[in-house]
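Dock chain B against the given chain P, drawing on the hints supplied.
Top to bottom, those sequences are chains P and B.
Counting from 1, one number per residue, gives the positions in the first sequence under my numbering.
Counting from 1, one number per residue, gives the positions in the second sequence under my numbering.
Calculated from the structure, these hints are not laboratory results.
Incorrect hints may appear among the rest.
[To be verified] When the alpha-carbon atoms are kept at most 27 Å apart in a straight line, the in silico DSS-like pairs for lysine-lysine are as follows:
id: 1; chain 1: B; residue 1: K379; chain 2: P; residue 2: K30
id: 2; chain 1: B; residue 1: K68; chain 2: P; residue 2: K30
id: 3; chain 1: B; residue 1: K343; chain 2: P; residue 2: K113
id: 4; chain 1: B; residue 1: K72; chain 2: B; residue 2: K265
id: 5; chain 1: B; residue 1: K68; chain 2: P; residue 2: K214
id: 6; chain 1: B; residue 1: K68; chain 2: P; residue 2: K159
id: 7; chain 1: P; residue 1: K214; chain 2: B; residue 2: K360
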Amino acid sequence: MSDIELENIAYEKPQEENNDINFNGSWENKNRSITAAAVTGLIGIGVIYFNAQSILMMVFAAVYKAIYDINIPSNYIDKMKAISVQLKTPALIALVLSEFIFMLLPTLWIVKKWHTKEVRKYLRVQNFSVKETSLAILITFFLLPLSYYLSYSILQKFKMPEIFKTLGSQLFSANSTAQFVVIIFVVAVTPAICEEVFFRGYFQRTLERALGTKSFIITGILFGLFHMQPLSLISLSILGLLFSYFYYRSRSIFPSSAAHFTNNFFAVLFLYIQSIKINFNINSDGSIPLIMVAASFLVAAWLFMIYLKITKNVSAARL
Amino acid sequence: MKCEYCNQDIPAGTEIVSDGHYFCNTMHRYLWQKEKGQSNDFAASNKADKIFQNAMDKSTAQNTDARKIFDKTKPMLLGDIFSASFNLIKETFLRNLILALIIILPLGVIFALGLHTFFNTLANSINAVKDNPNAMLSPSRLIEIFSGMGIFFFTVFLFVLGSLAVNIGITKIGCSAMDGEKAGLKEAFKEIFSITYLRCIGQALLISLIVVGIILAGVIIFAVAKAGDFIILKFIGGLYIFAAILFIIYLIYRWYFAFILIVHKNYGVLKSFSKSSFLIEGYWWRTFGIILLISLVIQFAVSLIITPVSFIFMWDYISQYMNLAAAGAISDKDPSTVINMMKSFGFDIGIVTVISTLLKFLLAPLFNIVLYYDLRIRKNDLENSAPLEASQASTEVSLE
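Bound conformation, chain B alone:
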């Protein structure tokens, strides 16, 4: 049906009917009636229209953001990726935040305490060595150094394990939302305390071993070349390390979605590698570029919050540094003054790191999930996704 006043199609269910005439809104009804000399009651019409307009605005606002997270039938452009990621972040925010807080908060405090111990040990050692160079080798000093380092690395280890758990939980919640299901905290924790966790550790270890192995081969070539003074071998070693770094970058992005595949599809480690490799095939540069862009965006978004937060938490350190700088007491040759200030620095920097990690967790995994679903659409790997035409399968990244 068309509006009597503007002759535009009226969306179903929004029509205003008056004496058998249809209008898009009461304003048009009023204007039409005014034209026909039927009404001068602007105030009444105005009031009615405001109520109607407010209701429409509210409904539009709700519809704008409450529509489905993404369209399964076509591959996403860059704008679609941002839009879908935003919808996904909004949809899962509260669950992800609670999950992250439950795991990261206690481990974060422990990590901050570990960092505090580390910086204290560092400052004490430097001060001791400054007065007496042999003090470093005294048994008590060595015990202090190793226990300080040990505590620090142990807390880092705990924090990394906790981060992995958060990542698994958020990925579970995110993938479920993309599948149109609603996974709660219970499902997320169930996933964390399952074989998935061990598989993810296995996958991370395997990637680390491969990376170390590739680099180690280069180091061995160099060591042999140095021992035998073979110039050509040194050159080959240099070339190899350069190529190895590029190859490692290539491999990391080729297996980028292996982690998500383990959580989402319950794949084993090796199958997750081959499936991720299949998804990326033909889209490596596109994925690489988008991930780089997303990293920049997330980094910036987090820095907006972290800048004032770190200023507040680390003010003692910053203040001391400024006062020393103002007094001209900071010298490049004698950093011990600054290192001494580090005694109060560890816990604060630990807390800032934890907050920053927490914020990144609420954003980064969800962008990755959207990218993963985009590739699945492109590879016709998603249920309900229509087979792609050649033009749709383009690897081009458009800002549209």
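Pulled out of the complex, with its shape left as it was, chain P reads as follows:
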């Protein structure tokens, strides 16, 4: 295949994307602001998702407590421990259900109702590339030490008591292989589908139509804010920016989805390794040596350059 033909294929993909989608949804037909659609969708689904998740958790926990006769101690710390250990099952079920029912479904509904019937095309569930997806996975993997280092440093700076550091992770730590598989589905697979479709597929894609390049920066920061975890805000926002850039650059949801899965998968894996008593911390205080962070960051940067190179033709033509 000649260079011109290759370039032609690369060029016609965005043409297909830009021109072939039939924007016949109600929001489009009524000539409303596209930015307003993105923001309304984001906040609207956010309201539904967080409220529904809280209600589901309360209901499931109440039912679970009634069935299994669980007593929650009144002491604050014991209470929190009991909730994250004994009520792990209803909490995980509520998490999965709320992501699929109250995040994914409303997103798909909004795209179909407001924008276009061509939902897959709109969300960019297309243009799968093994190279781009593999690189996204590797870049995310090699950025994990930096992400871990940032979170750890912030926790240290804020002098968070040890008990509170472990409380949050108890919900997602597994005690057996079967439990590990279930938690991987809840923590890695579900967000890689639901959150990516919601943040990248809908919000960023819609915002991109009005704001262009700025969309991935806004989406990345909002991704961090949406998790409502102030101590992880910086690392989550960096990850959000990375995922959003993958989506923007590749014009496909697959690299960002794979990257999201990778990040969450390894977070759960580390917790699992810790729970089966394998000490993977290199420093005695639990931190990662700065040299390791720097080395892995350099590898990630090198891989990122390769990613930019292989997506250059595709992306330049698509922009």
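Chain B only, in chain P's frame:
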């Protein structure tokens, strides 16, 4: 005219002309020429088309959001309300932010200091009473309590007055934008320092008096029933208070736009009530539902920002609380440990409250203005609004 390649209509002014043939873009010109065997110069065409496409994208992006805030000719659906509100927020954001910062920032700091004094007084008093129950009644303690409370309520009062001023200014700027005019900070401050401010205070006082009056009647019934031990009267009193609460909710929403009417139309207090009541008539449930929904949306949007902000500002308190909790030192029976920590809590919570109020001011009044204009369209109260057909005047709320 139609594109030679795709046979679609070409929007006026966007056509590409080549040897007397018309195309929607240079890509179509290239493909057409390629089909006809006239050109293989893809790179040149590609480059030209990219320039064209970028220009088109830029123009579309600008047009998408720079179009008029709302359509005066037809009533708005829920989506239109969000879209128009968003356009209005964008259009007026900078002016509103500056106005709010000028007024709220100094008053906010004073309010935070007042809150700091309040929590300090509270903590000192509880500690004093814990050691000696009679200490509460000592003159020095009483002076400290009353002066602390006095300072706090005075700063709250100042903050409320400032908030009212911001609300008036933002409403003025917002309504002008909806009318297609551009009111700047000068006009906003002129409106704040006018009779409008006193009218708005009068309106707020009148509503408060009505609410207190309605509730007071119930309290009197209860007091009489209790004094005379009349069971039926107690029952009637209970029923009355329940009905009174519903009635107050009804009245508040019936007069919901009285404030905007005073600012926008320079109405007097009573006329603003009757006009607001006229606008809401037939649309009470719709307005109530939409306002409830908008409140949820605004609350959530603000919480996205406020969660990390409050964490940063209140970290000292949170950290102390966590350390105490980790050490098992927090007991429900002895809250004085926590109250002691409140000494450092007041200023921080004051600042967080101010930031939260500021963010809400940049959103809430503008949603209300859009709702107000929607009702005016529905009531044929807006110049240029076409008379509504029966189907258009529906009170139904659609997610479309």
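Now for the hints, and whether the structure bears them out:
Distance hint between K379 (chain B) and K30 (chain P) is fulfilled; the C-alpha atoms sit about 22 Å from each other, no more than 27 Å. For the given pair, K68 (chain B) sits about 13 Å from K30 (chain P) by alpha-carbon distance, which is consistent with the 27 Å threshold. Restraint check: the Cα-Cα separation between K343 (chain B) and K113 (chain P) comes to about 53 Å, which exceeds 27 Å; the hinted pair is violated. For the hint linking K72 (chain B) to K265 (chain B), the alpha-carbon distance of about 18 Å falls within 27 Å, and the restraint holds.
Taking the CA atoms of K68 (chain B) and K214 (chain P), the gap is near 23 Å; set against the 27 Å cutoff, the hint holds. Distance hint between K68 (chain B) and K159 (chain P) is unfulfilled; the C-alpha atoms sit about 51 Å from each other, more than 27 Å. Straight-line distance between C-alpha atoms of K214 (chain P) and K360 (chain B) comes to about 25 Å, which keeps the hinted pair within the 27 Å bound.
Hints 3 and 6 from the list above are not met by this structure, while the remaining hints are.
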